[in-house]
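Q: Residues per chain are reported as follows:
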Amino acid sequence: MAVTDQIRPTTAAVLDTRPERKPRNLGQIIRWTLLFLGGVLMIMPIVYMISTSLKWPHEVYNVNLIPEEPTLENYTYVLEDGRFYMWFWNSIIIATITTVSNLFFDSLVGYTLCKFRFPGRQLVFIAILSTLMIPTEMLVIPWYLMSQSFGWLDSYWGIMFPGLMTAFGTFLMKQFFESVPDDFIEAARIDGLNELQIWWTVAMPLVKPALAALAIFVFLGNWTAFLWPLIVTNSVDMYTLPVGLSGFGDEADVAWELIMTGAAISTIPTLVVFLIFQRFIIRGVVMAGLKG
Amino acid sequence: MANLALKKLVKAYGQTEVLHGIDLEVADGEFVVFVGPSGCGKSTTLRMIAGLEEVTSGTIEIGGRVVNNLEPKERDIAMVFQNYAIYPHMSVRKNIAFGLRTSKMSRPDKEARIDEVAAILGMTDLLARKPSQLSGGQRQRVAIGRAMVRDPAVFLFDEPLSNLDAQLRTQMRLEIKKLHQRVGNTIVFVTHDQVEAMTMADRIVIMKDGHIQQVGTPDQVYHRPANTFVAQFIGAPSMNMLDGQLVDGRIRLAAGAPLEMSVARPPSGASVVLGVRPDDLAPTDAAPLIEGRVSVREPLGAETLIYVETASGEIVAKADGRNPPAVGEVVRLGADPANMHLFDRDTGMVLT
Chain A
1 MAVTDQIRPT
11 TAAVLDTRPE
21 RKPRNLGQII
31 RWTLLFLGGV
41 LMIMPIVYMI
51 STSLKWPHEV
61 YNVNLIPEEP
71 TLENYTYVLE
81 DGRFYMWFWN
91 SIIIATITTV
101 SNLFFDSLVG
111 YTLCKFRFPG
121 RQLVFIAILS
131 TLMIPTEMLV
141 IPWYLMSQSF
151 GWLDSYWGIM
161 FPGLMTAFGT
171 FLMKQFFESV
181 PDDFIEAARI
191 DGLNELQIWW
201 TVAMPLVKPA
211 LAALAIFVFL
221 GNWTAFLWPL
231 IVTNSVDMYT
241 LPVGLSGFGD
251 EADVAWELIM
261 TGAAISTIPT
271 LVVFLIFQRF
281 IIRGVVMAGL
291 KG
Chain B
1 MANLALKKLV
11 KAYGQTEVLH
21 GIDLEVADGE
31 FVVFVGPSGC
41 GKSTTLRMIA
51 GLEEVTSGTI
61 EIGGRVVNNL
71 EPKERDIAMV
81 FQNYAIYPHM
91 SVRKNIAFGL
101 RTSKMSRPDK
111 EARIDEVAAI
121 LGMTDLLARK
131 PSQLSGGQRQ
141 RVAIGRAMVR
151 DPAVFLFDEP
161 LSNLDAQLRT
171 QMRLEIKKLH
181 QRVGNTIVFV
191 THDQVEAMTM
201 ADRIVIMKDG
211 HIQQVGTPDQ
221 VYHRPANTFV
231 AQFIGAPSMN
241 MLDGQLVDGR
251 IRLAAGAPLE
261 MSVARPPSGA
271 SVVLGVRPDD
281 LAPTDAAPLI
291 EGRVSVREPL
301 GAETLIYVET
311 ASGEIVAKAD
321 GRNPPAVGEV
331 VRLGADPANM
341 HLFDRDTGMV
351 LT
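Here the protein sequences line up with chains A and B, keeping their order. Quick note: full-length UniProt numbering has the first sequence finishing at residue 292, numbered continuously throughout. Quick note: full-length UniProt numbering has the second sequence finishing at residue 352, numbered continuously throughout.
No lab work stands behind these hints, which were simulated from the structure alone. Accuracy of the hints is not assured; some may be wrong.
Unchecked claim - Below are the PhoX-like pairs computed for lysine-lysine, each with C-alpha atoms no more than 20 Å apart in a straight line: (1) B:K130 to B:K94; (2) B:K130 to A:K208; (3) A:K208 to B:K104.
Let the hints inform the model, and build the full structure from the sequences given.
A: Okay, structure coming up:
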C-alpha cells in the first residue's frame with residue numbers, strides 16, 4: 001500500500017507535465033484536405049483505367065466505378081492479339097537501349113564536366129542546360145527532318161536517337177559526381193589508372209543511387225513516350241505500346257475497354273520498377289533539385 | 001628507393017606566383033617534413049612532386065630522372081591523403097589491392113604482398129571489412145597500406161594525421177616513424193603541426209609564403225633558427241622576442257643591464273631582437289636578464305610556465321613545478337647567453 005501511495009503522485013505528476021495536446025489548427029486541416037484531394041486526383045485515372053478494362057463495350061461510357069458485369073474478356077482478347085506482344089517488345093527494346101545509352105553517355109559527360117578543368121567547360125555546361133528549356137513539341141520538326149534525311153524514319157534508331165543522351169541526365173550525374181571527393185580520383189591516378197578506368201571503377205560505383213534514379217526516369221519516359229514515336233513510325237510493326245494501344249479498335253469506333261486493358265497491363269512493369277527503386281528516385285530528385 | 005631533388009621550383013596560378021623557386025635535395029631513405037602555416041605552399045609542393053599540379057618552371061628529379069612531364073603513375077611515388085581517400089565501396093583487401101591493379105605481379109604474388117602489408121600494419125583481421133566499419137586510425141592505416149603495397153621510391157604524406165584525435169595522432173605518428181625505420185623508403189611528409197615535424201623528421205623544411213625559411217634537423221631548427229619566423233614557429237610556447245639596441249657590441253634591452261654577446265654577422269642597423277626560449281629562461285638572482293611581475297601560471301606538473309609582465313612586454317619562462325613563484329610576485333629571470341639568439345630586427349635574420 002505504501003508503495004502504491006508513493007507511485008500514485010509520481011504518475012500524476014508525469015501526467016500533469018505532459019504537453020497539452022494541441023487542437024489541430026485550421027491550416028493543418030486545409031493542408032491535409034488538399035493533400036487528400038490531390039491523392040484522389042492522382043489515383044482516379046488509374047482506378048478508372050482498371051475499372052474500364054473490366055467492362056463490356058456497351059458499359060464503357062457508363063461512369064460507374066464498379067462494372068455492372070465485370071469481365072476478364074478484354075484481357076484475354078489483348079493477350080491473344082499478337083500485335084500487343086510486338087508493341088510491348090518494341091517498347092522494351094527502345095526503353096532499354098535508351099536507358100543504357102543514357103546511363104553511359106550522361107554519366108560520362110557529367111563526370112567530365114564535373115572533374116576536368118578545360119577551356120569552355122562552363123560554356124558547354126550552360127549550352128547543355130539551356131536545351132532543357134526547349135519543349136519537345138518544338139524539337140519534333142527538326143528531329144523529323146533529320147530522320148528523313150538520314151533515312152531513319154520508321155526504324156528503332158529513328159525512335160531512339162533523340163533520347164540517347166539527355167541534358168537532364170547529364171545535369172543529374174554532374175551534380176552527383178560533385179559528391180565524389182577529388183582525393184579519390186587523384187589517388188587512383190597515382191595508383192596508375194587511366195581516366196576511363198577511374199571513371200568506371202572509382203567514380204561510377206559511388207554514384208549508384210543516381211544511376212538507379214536516372215535509369216528509372218529514362219525508362220519510364222521512353223516507356224510512356226507517345227508524340228515522337230507516333231510521328232516517326234508509319235508501319236504497325238514499328239509502333240511502341242502507347243502508339244499501338246491508342247489505335248486499338250476499328251475504323252468505326254475506338255475500343256476504350258481494350259486500350260485501358262493494354263494500358264493496365266503495360267503499367268505492371270513500370271510499377272514494379274518504380275516500387276523497387278523509388279527510394280533512389282527520391283534521392284536523385286533531392287540531389288538534382290529537379291522534378292522528374 | 002630514390003633520392004628527390006627540387007631545383008628552382010616555381011608554381012604560379014595565372015599571374016599569382018605561390019612558390020618562388022624552391023631548391024631542396026632529399027637523400028635516399030630520408031624522412032623530410034614540410035611544415036609551415038596555411039597557404040605557405042607546402043601542399044602545393046607535394047602535389048607537384050606527385051604530378052597532380054603542373055610545374056610552372058624548375059625541375060623535379062626522382063632517382064636522378066626529371067619527372068616534370070611524367071604522369072603520376074610513371075613517377076614511382078605513392079601518396080597518402082588527408083581524408084584517406086580509401087574507397088567506401090571496396091573492402092580493406094580490395095582497397096590495398098587497388099595499388100597493385102596495374103602491377104605485372106602474378107595473382108599469388110599480389111595476394112602475398114597484400115597479406116604482408118596487412119601484417120606489417122596489424123590489419124590482417126580487418127581485410128574483409130568495409131571502410132565504414134573501421135575507426136579513423138584504422139582507415140588511415142588502410143590508406144598507408146595502399147601506398148606501401150607498391151613499394152614506391154618515394155612516399156608522399158599530405159597532412160595524414162590532421163583528422164585524428166590527439167591520442168590517435170600521437171600513436172599514428174609513432175607507427176609511421178617505426179614504419180619508416182622498417183621499410184626505409186624516402187618520405188616527404190606535409191604537416192602544419194610543428195610537434196609532428198619535430199618528432200618524425202630526419203630533416204625539417206620550414207616554409208612561409210612560398211619560400212623555404214630553413215632546412216635542417218629538428219635539433220638545428222630548434223636550437224639554431226635561421227630567422228625570427230623559424231624561431232617563433234618551432235617550439236611551444238614560442239620563443240620570447242625582446243627588442244633591443246646593439247651599441248658598442250652590447251645589447252641594451254628596455255630595462256636591465258647591457259648584455260655582452262658575440263655577433264657573427266653585422267646587423268643592418270642598431271635595432272636587434274633578442275630571442276630566448278621559455279625552456280632556457282628561469283627565475284634566478286645570478287646575472288638576471290630581465291625582471292617583471294608574474295601575471296599567470298600554467299602548472300605542467302614537473303614545471304610551471306609563468307607569464308611575466310616586463311618592460312619589454314609579456315614573456316614566458318619556466319619555473320620549478322614544486323615551488324613556483326606566486327601570481328603578482330616580482331621575479332628576476334635569467335638565461336645562459338649561449339642559449340640566446342640575436343636577430344636583425346629589419347631583416348629578421350639571425351646574427352649570432
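Q: The structure should be examined with respect to each hint, and the outcome stated for every one.
A: How the hints compare with the structure:
no.: 1; hint: B:K130 to B:K94; verdict: holds (9 Å)
no.: 2; hint: B:K130 to A:K208; verdict: holds (17 Å)
no.: 3; hint: A:K208 to B:K104; verdict: violated (30 Å)
In summary, the structure is inconsistent with hint 3 from the numbered list given earlier, while agreeing with all the others.
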